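Here's the letter readout for the chains.
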Amino acid sequence: KNEVEQSPQNLTAQEGEFITINCSYSVGISALHWLQQHPGGGIVSLFMLSSGKKKHGRLIATINIQEKHSSLHITASHPRDSAVYICALNTDKLIFGTGTRLQVFP
Amino acid sequence: KAGVTQTPRYLIKTRGQQVTLSCSPISGHRSVSWYQQTPGQGLQFLFEYFSETQRNKGNFPGRFSGRQFSNSRSEMNVSTLELGDSALYLCVSSPTGDGYTFGSGTRLTVV
Numbered sequence: 795k796n797e798v799e800q801s802p803q804n805l806t807a808q809e810g811e812f813i814t815i816n817c818s819y820s821v822g823i824s825a826l827h828w829l830q831q832h833p834g835g836g837i838v839s840l841f842m843l844s845s846g847k848k849k850h851g852r853l854i855a856t857i858n859i860q861e862k863h864s865s866l867h868i869t870a871s872h873p874r875d876s877a878v879y880i881c882a883l884n885t886d887k888l889i890f891g892t893g894t895r896l897q898v899f900p
Numbered sequence: 289k290a291g292v293t294q295t296p297r298y299l300i301k302t303r304g305q306q307v308t309l310s311c312s313p314i315s316g317h318r319s320v321s322w323y324q325q326t327p328g329q330g331l332q333f334l335f336e337y338f339s340e341t342q343r344n345k346g347n348f349p350g351r352f353s354g355r356q357f358s359n360s361r362s363e364m365n366v367s368t369l370e371l372g373d374s375a376l377y378l379c380v381s382s383p384t385g386d387g388y389t390f391g392s393g394t395r396l397t398v399v
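Taken in sequence, the protein lines are chains A and B.
Everything in the first sequence is counted per my numbering, starting at 795 for the first residue and increasing by one.
Everything in the second sequence is counted per my numbering, starting at 289 for the first residue and increasing by one.
Worth double-checking, as some hints may not be accurate.
Now the in silico label distances, taken between C-beta atoms and shown as ranges [stated by the list, open to error]: (1) A:N804 - B:T397: 21 to 29 Å; (2) B:S358 - A:P873: 40 to 48 Å; (3) A:R874 - B:T384: 35 to 43 Å; (4) A:I859 - B:N344: 22 to 30 Å; (5) B:T295 - A:Q808: 17 to 25 Å; (6) B:E340 - A:G822: 27 to 35 Å.
With the C-beta cut set under 7 Å, the calculated list includes, among others, these residues of chain A facing chain B [as the list claims (entries may be wrong)]: (7) Q803; (8) G836; (9) I837; (10) S839; (11) L888; (12) F890.
I should point out that these hints are in silico values taken from the structure, not numbers from a laboratory.
Here the structure is a predicted model, which means the values were calculated and not measured.
Every residue, glycine too, gets a C-beta built ideally from N, C-alpha and C.
Work the whole structure out from these sequences, hints included.
Given below as structure tokens:
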């Protein structure tokens, strides 16, 4: 069983829709990261969470340590949000999810 | 505060050449890790350096090597480049191996 699972693998949405991307894990962590990667681009760090919820603009990230689950929400999605979103676990090493590819159409 | 700086951002090399990529970590961070992301693949661990010593190594051939300097800056080198080495190379720094900060990556294309 993988230590970290992201769902869905692929997601398409219409502009303006509310998006949720999920990350479930099975190991103990000190924190969880959400990363964004545009096609052909580099990695951008969106959030680091160890508990609760964080918000930055239209992006909201939540984590439930007891449930070993985190979600990334995008409100009022826009085509420029089209990217791969990756969760990464802080353990004694970094463990990366395989990513969720999001496409938002106008 | 300055982030993790990777140079160059983009690079094109020919098969058989060698390449050196650089990573300057956050000031005070002593751990630098390198990851490779090939098209369609997740991020694969290459190696970690801590205080100038390689602390962990992933499952990559000996063509991939690295080093860390006394100022914590790190370089990775790939010799005898192959087409399959085309990838994003990501550097991640941390104070001790936790509390990670991500570089934006160097995109290497081998032709």
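Here's how the hints hold up against the structure:
1. A:N804 - B:T397: 21 to 29 Å: 25 Å, holds
2. B:S358 - A:P873: 40 to 48 Å: 46 Å, holds
3. A:R874 - B:T384: 35 to 43 Å: About 36 Å separates the Cβ atoms of A:R874 and B:T384, which means 35 to 43 Å holds.
4. A:I859 - B:N344: 22 to 30 Å: 26 Å, holds
5. B:T295 - A:Q808: 17 to 25 Å: About 39 Å separates the Cβ atoms of B:T295 and A:Q808, which means 17 to 25 Å is violated.
6. B:E340 - A:G822: 27 to 35 Å: 30 Å, holds
7. Q803: 12 Å, violated
8. G836: 3 Å, holds
9. I837: 5 Å, holds
10. S839: Constraint on A:S839 satisfied, holds at 5 Å.
11. L888: Interface hint status for A:L888: holds (6 Å vs cutoff 7 Å).
12. F890: 4 Å, holds
The structure is inconsistent with the numbered hints 5 and 7, although it conforms to all the rest.
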